[in-house]
Amino acid sequence: MLIVTRNADQASRARQSLLCRMCEVEIHAAQDGSEARGWLSARRDDLTARECPDLIMLDLGSPASGALECLCALKQDEALRAVPVIVVAPLLPDDDVRAAYRAGAASCLPRGEEAEDLLAVIDALGDYWFGLVCLPHDGGWSPGRLGGTEDRR
Amino acid sequence: MTAHTPAPQLVILLAEDEPADAHLFRLALKENHVAADVQHVVDGREALEYLRRQGLRFAAAVRPDLILLDLNLPRMDGREFLAAIKEDGELREIPVVVLSTSRAERDVVAAYRLGAAGYLAKSPDVTEFIRDIRKLTTYWGSVVRLPERQ
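So the sequences go chain by chain: P and D.
The letter at position 82 of the first sequence is residue 82 when you use the numbering used here, and the numbering goes up by one with no holes.
Each number in the numbering used here comes from the position in the second sequence (counting from 1) with 153 added on.
Among the clues, some could well be false.
Here are the computed distance ranges between Cβ atoms for each label pair [said to hold, decoys possible]:
| # | chain 1 | residue 1 | chain 2 | residue 2 | range |
| --- | --- | --- | --- | --- | --- |
| 1 | D | Q162 | P | H28 | 34 to 40 Å |
| 2 | D | P172 | P | L91 | 40 to 46 Å |
| 3 | P | L91 | D | R302 | 35 to 41 Å |
| 4 | P | H28 | D | V191 | 18 to 24 Å |
| 5 | D | P172 | P | C72 | 24 to 30 Å |
| 6 | P | H28 | D | R205 | 39 to 45 Å |
Just so you know, the hints here were simulated from the structure itself, not pulled from any lab data.
Quick reminder that beta carbons are idealized off the backbone N, C-alpha and C, glycines included.
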């Protein structure tokens, strides 16, 4: 999973939160859309099923982060367009929510400004994306991702 | 004291040609006490007609918050429908979640490449299916921010 956020602490919190839910998720972090695209481009030749992220979380908290532009670029990239991109943002006006879905966001999650609010978002995101649906590189359902939750035991 | 405002009811367009599966979906909503407004169509072409409010039958169709799409539909299959809706400037913002019995990676990847917002492999176990629908409706009904209905 690739997390794009200005807040460096968020990636670490996300990792802890997902680990607590027994999700074996490898997390990479980028500070903005530009860095994310750089990270992905650097691995372009290795974007096999193992190297390609299963999921990308874009935090639109900072207008300068270029996250929406990053979303558009990802969805126009043949090698990456299958990767679901989740947009997380505080208090987005409806026009921005609409723009995110139009640009190809797989869902848009609101979050508060507090650190605990992000953990709640990560929990909800984990329930759906790592506990319910198939991801592009799972080869279908992958029960090995989850351990001691109520799901799919 | 603040007045409690109930969450608006989720409007779901279900594109499913198997009556038994459509019935099971409604049963799952009932079992989970989810009060969604489910509009049911039986193929991809009918789904597009619904969304574009074509014909007398769909003239007053309610725009859905979420589309649940079976892949194997007659007339226009789920993949064709997904491609069509994501190329339609008016409709592309509506999230589409695929419901399929197939777990083949090629089907999963193809659905995401076409713009799916999730791919749920339907469990043959009714109890599991009901639980999956609870999670799905919780996510889309309570967690996700959807575009305001127009």
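Consistency of the hints with the structure:
For Q162 of chain D and H28 of chain P, the Cβ-Cβ distance of about 38 Å falls inside the hinted range of 34 to 40 Å, so the restraint holds. Our hint of 40 to 46 Å for P172 of chain D and L91 of chain P holds, since their Cβ atoms are close to 43 Å apart. Taking 35 to 41 Å as the suggested C-beta distance range, the pair L91 of chain P and R302 of chain D does not conform, at roughly 19 Å. One distance hint, 18 to 24 Å for the beta-carbon pair H28 of chain P and V191 of chain D, is violated here, with the actual separation near 39 Å.
Taking the beta carbon of each, P172 of chain D and C72 of chain P are about 40 Å apart, not inside 24 to 30 Å as hinted. Our hint of 39 to 45 Å for H28 of chain P and R205 of chain D holds, since their Cβ atoms are close to 41 Å apart.
Of the numbered hints given earlier, the model fails hints 3, 4 and 5; all others are met.
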